[in-house]
Amino acid sequence: MPATTGVEAKARTMALALRDAGHEAYLVGGCVRDFLLGRAPGDYDIATSARPEEIAAVFGRGETVGAHFGVMLVDGVEVATFRSDYDYRDGRRPGEVRFETDPREDALRRDFTVNALFLDSETGEILDFVGGREDLERGLIRAVGDPRARFAEDHLRMLRAVRFAARLGFELDAATREAIVELAPRIGVISAERVRDEIERILTEGGARRGFELLDETGLLGEVLPEAAALKGVAQPPEFHPEGDVWTHVMMMLGAMREPTASLALGVLLHDIGKPPTFRVTDRIRFDGHAELGARMARAILERLRFPGAEVDQVESLVLHHMRFRDTPNMRPSTLKRFLRMPRFEEHLELHRLDCVASHGRLGNYEFVRARLAEIPEEELKPPRLVTGDDLIAMGRRPGPDFRTILDEVETAQLEGAIATREEALLFVETRFGAAP
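All residue numbers for the sequence shown refer to numbering that gives the first Met the number 0, where the first residue is 0 and numbers rise by one.
If you're looking for bench data, these hints aren't it; they were derived computationally from the structure. One or more of the hints may lead you astray.
Capping the alpha-carbon separation at 25 Å, the derived lysine to aspartate or glutamate pairs in DMTMM-like fashion look like this [stated by the list, open to error]:
| id | residue 1 | residue 2 |
| --- | --- | --- |
| 1 | 9 | 52 |
| 2 | 9 | 23 |
| 3 | 381 | 366 |
| 4 | 9 | 42 |
| 5 | 231 | 204 |
Beta-carbon label-pair distances, calculated as ranges [claimed, not checked]:
| id | residue 1 | residue 2 | range |
| --- | --- | --- | --- |
| 6 | 285 | 41 | 41 to 49 Å |
| 7 | 308 | 377 | 52 to 60 Å |
| 8 | 236 | 291 | 34 to 42 Å |
| 9 | 302 | 122 | 29 to 37 Å |
| 10 | 421 | 42 | 51 to 59 Å |
| 11 | 342 | 255 | 22 to 30 Å |
| 12 | 244 | 421 | 53 to 61 Å |
| 13 | 434 | 382 | 47 to 55 Å |
| 14 | 15 | 360 | 54 to 62 Å |
| 15 | 382 | 285 | 26 to 34 Å |
| 16 | 41 | 279 | 32 to 40 Å |
We put the beta carbon where it would ideally sit given N, CA and C, even for glycine.
Could you put the whole structure together from the sequences, leaning on the hints where they help?
Printed below as a string of structure tokens:
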């Protein structure tokens, strides 16, 4: 079992405080599931018979984060009143909530059996009203009650089922899987932001390959990421990709990731997204311009899913530049240095490594770049400017678009080692571009 953390101790103490005040209170949900699996929970939740105003009275504080649902946030721990949910009309949220005094009623409104377990902090007893412990032992993700009813209530639960199965290494219960296959088209009513969050979690919480295989098998992938579904069956030249089609290649890369950032994981998923529309056969299979088209497609996909702008920019860059590593041994020093100093270059490098190990296995360019990164001091990758726009004005030049060209060429000469001082840079400008008019 994982060692007790400060957050866990606080949550247990809070549950006992509610009990001392005459209320039922249990740790509930994912923290209990993870505790039984020997995993470290990410957060802790408490379910209680106390009403929100009684919760606030017990602790003398608390932020209401879901008044309609009876959820209070106390020192970073969610404390929620037992409830049952009714009248789901939009496939997203209940129209009516009733506060309950029986934890059984609270268990029956939850999504999956493994998330419907209650832990008595005082005795250590587990309350299991839906067979969650047996499903943990069997490695099953099973909806509470009728899976069609659970998914009809909140369609996002279909994506959550896939996420939990992938992250825990579990299987989907047969009836639960059948319900997802049947109801997959309904995922379209869920907001892009909620879908985005589940996709990111599937990619980063562990088991990304299995997660995307399950998305495909259940029909959800074609609904939320049809561009990724289109990778299936797209052949690749065997001399570079003996592993098979584009889908197989991407799945192998997802499977080889280790604790990736969200942007790296998205870059892996989308780096070859431009291959299906650029596929053609000449002397061999070719995907001319797939990186450039793929970068535009990646941006459109991520903007559709409402990813933050900085994340979109980074993933677009990862997709756009992923083919450049093959040219690194022959790049001019200035070109290589500009490449190596791109923002979050470590993600570009790791994407390239994954791309290689999931295809031909040749890591020569990867090792070359790593060696150059180790050899080139930071100040040589991005040295201070020798000449500025003010210097050009002082030389009598009129500001305009050619300023950027002049400054870029000065920096190129500096990165190439042709000039090293301000005086040499000013002379370079006069020699290369002539005297000011």
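Quick rundown of the hints versus the structure:
1. For the proposed pair residue 9 and residue 52, the alpha carbon gap of about 20 Å is at most 25 Å, so the pair holds.
2. Our distance criterion of 25 Å between C-alpha atoms is met by residue 9 and residue 23, whose separation comes to about 17 Å.
3. At most 25 Å may separate the alpha-carbon atoms for a hinted pair to count; residue 381 and residue 366 meet this at roughly 22 Å.
4. A hinted pair counts as satisfied when its Cα atoms are at most 25 Å apart, and residue 9 with residue 42 qualifies at roughly 11 Å.
5. Straight-line distance between C-alpha atoms of residue 231 and residue 204 comes to about 24 Å, which keeps the hinted pair within the 25 Å bound.
6. Roughly 45 Å separates the CB atoms of residue 285 and residue 41, a value that falls within the hinted 41 to 49 Å.
7. Here the CB-CB span from residue 308 to residue 377 is close to 27 Å, at odds with the stated 52 to 60 Å.
8. Between residue 236 and residue 291 the beta carbons are some 19 Å apart, a value that contradicts the proposed interval 34 to 42 Å.
9. Look at residue 302 against residue 122: about 51 Å separates their beta carbons, and that is not inside 29 to 37 Å.
10. The given range of 51 to 59 Å is respected by residue 421 and residue 42, whose C-beta atoms sit roughly 55 Å from each other.
11. For the hinted restraint 22 to 30 Å between residue 342 and residue 255, the CB-CB distance of approximately 24 Å keeps it satisfied.
12. The supplied range of 53 to 61 Å is met by residue 244 and residue 421, whose beta-carbon atoms lie about 55 Å from each other.
13. Residue 434 and residue 382 have their C-beta atoms about 26 Å apart, which leaves the hinted 47 to 55 Å range violated.
14. Range check, residue 15 to residue 360: about 56 Å between beta-carbon atoms, so the 54 to 62 Å window is met.
15. Range check, residue 382 to residue 285: Cβ separation about 39 Å, and the 26 to 34 Å hint is violated.
16. Distance hint check for residue 41 and residue 279: the Cβ-Cβ separation is about 46 Å, which falls outside the suggested range of 32 to 40 Å.
When each numbered hint is compared with the structure, violations occur for hints 7, 8, 9, 13, 15, 16.
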